[in-house]
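Asks: These protein sequences, in sequence, are chains A and B. Per my numbering, the very first residue in the first sequence carries number 1; after that it's consecutive. Per my numbering, the very first residue in the second sequence carries number 1; after that it's consecutive.
To be clear, the hints were calculated from the coordinates, so they are not data collected in a lab. Where a beta carbon is used, it is the ideal one built from N, C-alpha and C, also for glycine. Wrong hints could be hidden among the right ones.
What the hints assert, rightly or not - Examples of chain A residues toward chain B, derived with CB under 8 Å:
1. P32
2. Q41
3. V70
4. D73
5. T111
6. A114
7. G131
8. V132
9. Q172
10. P184
Unchecked claim - Far from chain B, by Cβ distances over 12 Å, these chain A residues were calculated:
11. G9
12. V63
13. F76
14. M135
15. T169
16. G178
One-letter residues, chain by chain:
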Amino acid sequence: MPRTPAPGGALLPATAGVASGIALVLALLVAPEDAVQGPAQRLMYVHVPAAWVAYLAFATVLVCSVAYLVRRDLRFDRCAQAAAELGVGLTALAIGLGMLWGRPVWGVWWTWDARLVTTTVLLLVYVAYLGVRRMADDPHVAARRSAAVGVVAFLNVPVVHFSVVWWRTLHQPPTVLGPDGSPPIDPVMAWALAAGVVAFTLLAVLVVRRRVAGLRAAGSGTAAVLPADGAAPVITVVPGGGR
Amino acid sequence: MTRPAQRRRTLSLRLLVVVGAVGGALALLGVSGLADTLVYYRTPTELLAEPPPEDERLRLGGLVQVGSVERVGSEARFAVTDGVATLPVVYSGALPAVFAEGQGAVVEGRLGADGVFVGDLVLVKHSNEYRPVGEAG
């Protein structure tokens, strides 16, 4: 089938692939084993990037929503939708990986502390956002309503991030994005984490660009092309980023 | 003339999904108990200052006092401290592998009349430090 020409050609996919490979080697082979937590701590190299890039995706929803409200251009609406879909997937991934990490270290898969509850609320709010998007037939009506929700929903992101600072939790406080200047992490571990964040970010840009191209093709009347090229990457590429 | 009716039905189905998701979020907060979530655990100082009703199930959090862990058969005894006050804990069950003296722990259970906290679940609260083996400080 005629593929939508990838914006930026093969450079972005190749870079994302190489970055993922480097991140994987650093996380599994180069980074030292944690003295307290043992091998389970290596889940940090995927759990933390998934959570941070989900924040980034929701920030993109915020920016694109504001841009739509100012310009009334459906391009920004498509950007908000693609970013929100990715953000929902990454939030679910972060929760899933967090459960896998929690079981061997905390002793439980789940507990009702403020970080876990606020993250679940974040996930449900953006699922609701995706629902609001489909509640009007006129694309501009749908875009206006969802942009309003997309702006308000972002309030959840700082609540999730600071939940471990504001309230007593089982989840530990932030290591890198914390209030003090010197993160209490071994430098090699910090580099492995940084590589994971770069790889997740590049994969996220790739997924969002493809999804936006698919949505644009669907919107301009060539809907027959969409199902294969538009919807599939979001579902297949995101779990791949978790490896 | 079925199209408008069909569209209304689709719309109300969508509305139902959205309302369901938002309702789910609120229910989740309700179930978890907002206050219980915001004060996830209480410290030994707080529990000694304000003893809870004897059958109230609660969480005790703090550091496992160094030198306090004793294992007798399947039962473990240790003390949880916040640096000011200390509470003895008795727990029958396997301690998590990462559990250690001097590290954070949260115990779910009840405070007995004799001042001993009877735990039925021990969780490890690890710090935000990541160090390789041999360099842990």
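Asks: Hints first: check each against the structure and report whether it holds.
Replies: Okay, the hints, checked on the actual structure:
Interface hint status for A:P32: upheld, as the beta-carbon distance to the closest one in chain B is roughly 3 Å, under 8 Å. Because the beta carbon of A:Q41 sits about 7 Å from the nearest beta carbon in chain B, less than 8 Å, this interface hint is met. The interface hint given for A:V70 is broken, as the beta carbon of that residue sits about 26 Å from the closest beta carbon of chain B, more than 8 Å. With 8 Å as the threshold, the beta carbon of A:D73 stays out of range of chain B, its nearest partner Cβ sitting at about 25 Å, so the hint is violated.
For A:T111, the shortest C-beta to C-beta distance to chain B is roughly 7 Å, which falls under 8 Å, so the interface hint holds. Annotation: A:A114 was flagged as interfacial toward chain B, and the flag holds, the nearest CB pair being 5 Å apart, inside 8 Å. Taking 8 Å as the C-beta cut-off, the interface hint given for A:G131 holds, the closest approach to chain B being about 4 Å. Here the hint on A:V132 is kept, as its CB sits about 6 Å from the closest CB of chain B, short of 8 Å.
Because the smallest distance between the Cβ of A:Q172 and any Cβ of chain B comes to about 4 Å, under 8 Å, the interface hint for this residue holds. Interface restraint check: A:P184 against chain B, minimum CB-CB distance 4 Å, threshold 8 Å, status holds. A cut-off of 12 Å between C-beta atoms confirms that A:G9 is not in contact with chain B; the least separation is 38 Å. The Cβ of A:V63 sits about 23 Å from the closest Cβ of chain B, beyond the 12 Å cut-off, so the non-interface label holds.
Every CB of chain B lies more than 12 Å from the CB of A:F76, the least distance being 22 Å, so the non-interface label holds. Non-interface status of A:M135 relative to chain B is broken: a Cβ of that chain comes within 12 Å, the nearest being about 5 Å off. Not every C-beta of chain B lies more than 12 Å from that of A:T169, the closest at about 5 Å, which undercuts listing it as non-interface. Listed as outside the interface, A:G178 is inconsistent with that label: its C-beta sits roughly 7 Å from the nearest C-beta of chain B, within the 12 Å cut-off.
Violated hints, in rising order: 3, 4, 14, 15 and 16; the structure is consistent with all others.
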